[in-house]
Every structure is written in C-alpha cells, then in structure tokens.
Amino acid sequence: MADVPKPKELVKIRHSPPFLTGWMNTPTEIKQGIACYAGKPKNLEYVGLPNPREWSPFDADWKLPPNWKKIILDGLRERLEKFRSLKIFMDICVRCGACADKCHFFIGGGDPKNMPVLRAELLRSVYRKEYTTAGKIMGAFAGARELTEDVLKEWWSYFFQCTECRRCSVFCPYGIDTAEITIIGRELLNLIGLNTDWISAPVANCYRTGNHLGIQPHAYKDMIDFFLDDIEDITGIRLEPSFNRKGAEILFITPSGDVFADPGTYTCMGYLMLFHYLESMGLDITWSTYASEGGNFGYFTSHEMAKRLNAKMYAEAKRLGVRWILGGECGHMWRVVNQYMDTFNGPADFLEEPVSPITGTKFENAKSTKMVHIIEFTADLIKNNKLKLDPSRNDNLKITFHDSCNPARGMGLLDEPRYVIQNTCKYFYEMPENTIREQTFCCGSGAGLNAGEDMELRMRGGMPRANAVKYVHEKYDVNMLATICAIDRAVLPDLMKYWVPEVDVTGVHELVANALILEGEKKRTTDLRGEPLPGMEDMDEEEGAEQTEGAEA
Amino acid sequence: MPTVEFEGNTFNVDEDGFIDDFNNWNKSWVQYVKGTEGIEELTDEHWKVINVLQDYYQKNGIAPMVRILSKVTGYKLKYIYELFPSGPGKGACKMAGLPKPTGCV
Numbered sequence: 001m002a003d004v005p006k007p008k009e010l011v012k013i014r015h016s017p018p019f020l021t022g023w024m025n026t027p028t029e030i031k032q033g034i035a036c037y038a039g040k041p042k043n044l045e046y047v048g049l050p051n052p053r054e055w056s057p058f059d060a061d062w063k064l065p066p067n068w069k070k071i072i073l074d075g076l077r078e079r080l081e082k083f084r085s086l087k088i089f090m091d092i093c094v095r096c097g098a099c100a101d102k103c104h105f106f107i108g109g110g111d112p113k114n115m116p117v118l119r120a121e122l123l124r125s126v127y128r129k130e131y132t133t134a135g136k137i138m139g140a141f142a143g144a145r146e147l148t149e150d151v152l153k154e155w156w157s158y159f160f161q162c163t164e165c166r167r168c169s170v171f172c173p174y175g176i177d178t179a180e181i182t183i184i185g186r187e188l189l190n191l192i193g194l195n196t197d198w199i200s201a202p203v204a205n206c207y208r209t210g211n212h213l214g215i216q217p218h219a220y221k222d223m224i225d226f227f228l229d230d231i232e233d234i235t236g237i238r239l240e241p242s243f244n245r246k247g248a249e250i251l252f253i254t255p256s257g258d259v260f261a262d263p264g265t266y267t268c269m270g271y272l273m274l275f276h277y278l279e280s281m282g283l284d285i286t287w288s289t290y291a292s293e294g295g296n297f298g299y300f301t302s303h304e305m306a307k308r309l310n311a312k313m314y315a316e317a318k319r320l321g322v323r324w325i326l327g328g329e330c331g332h333m334w335r336v337v338n339q340y341m342d343t344f345n346g347p348a349d350f351l352e353e354p355v356s357p358i359t360g361t362k363f364e365n366a367k368s369t370k371m372v373h374i375i376e377f378t379a380d381l382i383k384n385n386k387l388k389l390d391p392s393r394n395d396n397l398k399i400t401f402h403d404s405c406n407p408a409r410g411m412g413l414l415d416e417p418r419y420v421i422q423n424t425c426k427y428f429y430e431m432p433e434n435t436i437r438e439q440t441f442c443c444g445s446g447a448g449l450n451a452g453e454d455m456e457l458r459m460r461g462g463m464p465r466a467n468a469v470k471y472v473h474e475k476y477d478v479n480m481l482a483t484i485c486a487i488d489r490a491v492l493p494d495l496m497k498y499w500v501p502e503v504d505v506t507g508v509h510e511l512v513a514n515a516l517i518l519e520g521e522k523k524r525t526t527d528l529r530g531e532p533l534p535g536m537e538d539m540d541e542e543e544g545a546e547q548t549e550g551a552e553a
Numbered sequence: 001m002p003t004v005e006f007e008g009n010t011f012n013v014d015e016d017g018f019i020d021d022f023n024n025w026n027k028s029w030v031q032y033v034k035g036t037e038g039i040e041e042l043t044d045e046h047w048k049v050i051n052v053l054q055d056y057y058q059k060n061g062i063a064p065m066v067r068i069l070s071k072v073t074g075y076k077l078k079y080i081y082e083l084f085p086s087g088p089g090k091g092a093c094k095m096a097g098l099p100k101p102t103g104c105v
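First to last, the protein sequences are chains X and F. Position 356 of the first sequence, counting from 1, maps to 356 under my numbering, and the rest follow consecutively. Position 53 of the second sequence, counting from 1, maps to 53 under my numbering, and the rest follow consecutively.
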C-alpha cells in the first residue's frame, strides 16, 4: 500500500493542463495511492460477472478477452438505445466548462481528466468515432478517437476516480448528469471484467448474506445484542428489538456499516433507543437479518447488479407482511431507492403508503417506493412534539452538518437533518453556502472508492470538504461533523484525521439518542461513546460504560 | 497472486499482505507478520487478541467489530494499537489470518 503524502506536500496542486500534448495524447498513468486493486476472481464468479481472473491494474497486461473491443462497442450501442439520457448527454455537451472546477477530485488533484467535462469526453470521443458522421469522417478534428487498449485503461482509471456525487451536474446548464456517464462507463468495463476489489467483494458478500460485510444472521443479532449491553450500561434499560418478525407494521433496513464500524455503531444504538422510546406509543417495527444492508455496491457495478442486490428489500417486506419500510442513515442507498427501486423491483403494490403510527403524518413523497428515510421520520416526530429531549447532553459538541451527496442532491433531504440537529443540540454552525445543501462537497470516497489503497485519492478528493470543515472549526471552534450516510461515517474520520484532526464524526441519530429521555432511565453519566456527559467530567471513568474510541482500522 | 516464503512455508497473499484463506494460517505466519509489523516480542497479550479474533471468526465468519474486540480482551483501542502498530484491522487481523472487512467501513 502506497504511503500518503503529508498534507503540506499534497496541497501543492497544479491545475494547469498539458498544453504541449493535448489531452488525447497525454498517456494515462495508473498510480499507486490513486488506483484501487482489481476484483478477485472468486467474487466475480460468485455473482457470475464476466472474465474472472487474477489481474492487476499496475501490470501492463490486463488479461482482456480477445474480443474485448467488440464487447465494449456492442455494449455501448445497446446502452445508447436503452438509455435516452445517455444518448442526450453524449450529444448535447457544448464543452462550456461550467463543471470544470466543480469536481472535488479536480480541485484536490489538478488532473485535467478529472474535470467532469473531460471525464465524459473520454467516453464521448469513442461515441463520436463510432456513432456520429462527423466523427467517422473528421476523426480527431471532430473530437473523435479510436477505442484502443490505452483508451480502455484511461476509462478504468477515471471512471474509478469519480464518486458519482453529481455536484458537477448542479452547475451544468444542460443538466448533464456526469454520474450517469460514470455509471455507464463502469458498466461497460464490467462487461470484460474490469472492476475493483473494494466493490466486487461487497457485491459478492451482499449476494451471499444480504450485506456487504458478509454478516450472517446469528452474527448480526450478536452485534445488536452487544449494543443492547452497552445501552443497558448507559441507561439502565434493557431493550428488546425484534428480528425477522412476521406481521410487524414496519421493516427497518440500514447499511451494515452501522452494525459494524465506528462511529456508525453509535448511530445504530441511536436507532435502537429511538425505536424503544416509540414502542409504547405504538411503533411496531422489526429488523431483518436478511435485508441487512441498505447500501448497494451493485450500483457501482451495473444497473443489473444494483437491481439484483436491491431485490431483497421488497422480497423481505413481502415475506414478513409489513406495511412499509423505514430506512436508516445511508447515502447511495437512497439514490437507488428513490430513483430506481420502483422500476427495478416494484411496483410494491403489496405495501401501503407510509403513515407514521405516532403522528399520523402521511409521507406523500414515499408514495411509490413505500420507503421512508429515518431523518424525515424523526423530524416529523420532533415537529409534532413527540420526543422528550435534553439537548444539554450534547453541549460539549459544536456541530456542523455535511450534506451527504445522494440524500441532498438525489432526494432533497436538506432541511430535515438540520431541524433534527438543531432540536437535539445547542451549538450548530453551517459551513460556507457553496459547500453545503445542493452544492455540498463530496466526502471524496463514495461510489466504492472507500478502499485503503487509494488513500491519496481520497485525501485529495475530500480536501474541499475538509477545507470547509476547517473554516468552521477555526471560526466557531466546531469539533463534530454530523452526517447521514454510512460511507461518510466510515471515511470522514480518516479525512478529518488528515486535514482537521480536532474534529470527530457522528451520525445524527447518535445525537438524537444522547438527548432522548427514555421512560425510567437511570441518571446518565456518559454519552453513547462512554465519554462523560457535559458536567460529569470529574466522575470516575470506571463508573461510565466501557470506553473505546476511533474507527475501524 | 503473490506468495510469501517463510520458515519452509508458502503463503498466498493479497496486495496488502493478507493470507488468501484462513485455513492456510499457522503459527509460522504469525512469526512472519511479526517481522513485517515491527513487533519486537510476541507477548501473551498479543496472543489473547489473536485468539479472540480467531474464535470470533470461526463462529461468525467475519472479524469482530473493534468495540467487541476491545470489550472481550479488556484492552482499549489505544492499547491494541500499542500491541499492533498497524491497528486491529491491518495489524491484528492480518496476523490472525482473517480477511479484510469491506463495504461501508
């Protein structure tokens, strides 16, 4: 694994293009620290992906099938016919450059091929050559070029340097969704077995066990039981959540990172405590050890794989006979749910339009998918005055909120998380306006780029986000970055450690549960992490719950 | 797949030096990783962590979350880092022959 340059070195970024060679003639270098490892054959075989073999992007020979070019070009033709959006995006770009400086990878890295316009051009140039008259006749003068092995390697390199965050598309006057171009690019590459280990391993795990980590049912329950022990230590109350319970009204699905990796585990404790609180008010909810993953790394492989992995959500809802589905704090899960699930695996006509059993609020926006984001659910509870909260328990935190790309740009969840934070915490500060809400800067590690071997890429891509956090840290003494996405919770601790080490990371439901006053609880002395509550710092540490810190290494 | 030769054993390893299969683990592997990790001497405390990891893995097919490892061994995360400088995942799990966790972690 490559060493990551120190921040001082990394900020020496050159944004000037290679004038002498031009982009088409600038060869692509597959770099350690930027590129991910290749998918392992056993994981490709498990889900029937093509061309399983041992290969490495750092070798010259990528062990392609002999007819790779035909496979790719046929695949592109098929997709141009199938997806009108792709055809339009290929044709309408006027290369105005509005998107050029909006990508976090370009800002933090300076590589011109990470300008969204040029990333798309990598594919568009081949499209012109094969499918447009001008390109066929005029070649490079019309921005067209032949698909060669070098071009293919360039595709692989840059389609796996995009987090599909869609910040660029916010600024595109035509609304070109460069994420969709990356999605198609990756899909084509997967036709000949070009993928990454960090994506194909979770895909195989998810297909086998229902979640990316490969957690089997007994282990899933064991992990939740561990949280129940900690919650009992902190509150004196033993919760009794149910699993795979037929006839429950609501099925709860959350990313598996929440049951495994810190600090997501504290968010998970937050869900458990909220559900317990609402039980006596009429909440009838079950967890599932089968639909045990909200996220969908299939979406970073192909539409088809996304559909296959997504299918378990409705399948489990149907098997258990629930009325609707509540989903946890996750990012890309919500783009899949909001934009694709209904047509992938719906219509879910066996479910009902979601209605909060506590407030009676009808979630009109979830009419077709029958699936509600927990942040809306909780915001509605607070709005209707259903939660007894003591925000002073979060008084040691000065919080800022990172809008996760997909819930923000993919479904417009902008005000709900802020509303929940402001009702559970006293100190809340916004980052600069061009870095939040629709214009939020990506964590730099989404869309399956959250591996260990591409750490330089991640620190570069996350630099604009970290920079905005640094600003509020210096101005307002912010010490906690809240977010509603599991990839964020997994990757932002590394990013903060690198750029702004004074700031820690939390999910929003961890904040909710810290403030939530449970019926019959003992006097709390620690927060969910086992750290003393404000005003309790002088108490003997051993009286608090077991203390651990940091994130999964 | 690269291989590692050590004390007459051959191990298949991935790019980050994790062995390809838990079933191919043996004590010689621990000695090998000890060298690459820069651990001077293996103590009972190292072995306690390795044993907990392996027991959990055999039962559950996955590494325990850090908080479980910490609770079962009684070692705080900071101390686990003292024992295994690369941390519980890249150091201790590697030594115990467990695969890397993947996904939103």
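Any given hint could be a false lead.
With a cut-off of at most 25 angstroms between alpha-carbon atoms, the simulated PhoX-like pairs for lysine-lysine come out as follows [claimed, not checked]:
{"hint": "1", "chain 1": "X", "residue 1": "Lys63", "chain 2": "X", "residue 2": "Lys136"}
{"hint": "2", "chain 1": "F", "residue 1": "Lys90", "chain 2": "X", "residue 2": "Lys6"}
{"hint": "3", "chain 1": "X", "residue 1": "Lys113", "chain 2": "X", "residue 2": "Lys6"}
{"hint": "4", "chain 1": "F", "residue 1": "Lys76", "chain 2": "X", "residue 2": "Lys221"}
{"hint": "5", "chain 1": "F", "residue 1": "Lys100", "chain 2": "X", "residue 2": "Lys31"}
{"hint": "6", "chain 1": "X", "residue 1": "Lys221", "chain 2": "F", "residue 2": "Lys59"}
{"hint": "7", "chain 1": "F", "residue 1": "Lys78", "chain 2": "X", "residue 2": "Lys6"}
{"hint": "8", "chain 1": "F", "residue 1": "Lys76", "chain 2": "F", "residue 2": "Lys59"}
{"hint": "9", "chain 1": "F", "residue 1": "Lys71", "chain 2": "X", "residue 2": "Lys221"}
Please keep in mind that the hints were generated in silico from the structure rather than gathered at the bench. Keep in mind it's a predicted model, so treat the numbers as computed, not measured.
We went through each hint and held it up to the structure:
1. Lys63/X <-> Lys136/X: violated, 29 angstroms
2. Lys90/F <-> Lys6/X: Since the Cα atoms of Lys90/F and Lys6/X sit roughly 20 angstroms apart, the hinted pair holds (cutoff 25 angstroms).
3. Lys113/X <-> Lys6/X: holds, 24 angstroms
4. Lys76/F <-> Lys221/X: holds, 24 angstroms
5. Lys100/F <-> Lys31/X: holds, 22 angstroms
6. Lys221/X <-> Lys59/F: holds, 13 angstroms
7. Lys78/F <-> Lys6/X: holds, 23 angstroms
8. Lys76/F <-> Lys59/F: Measuring from Cα to Cα gives roughly 23 angstroms; hence the hint holds.
9. Lys71/F <-> Lys221/X: holds, 17 angstroms
When each numbered hint is compared with the structure, a violation occurs for hint 1 only.
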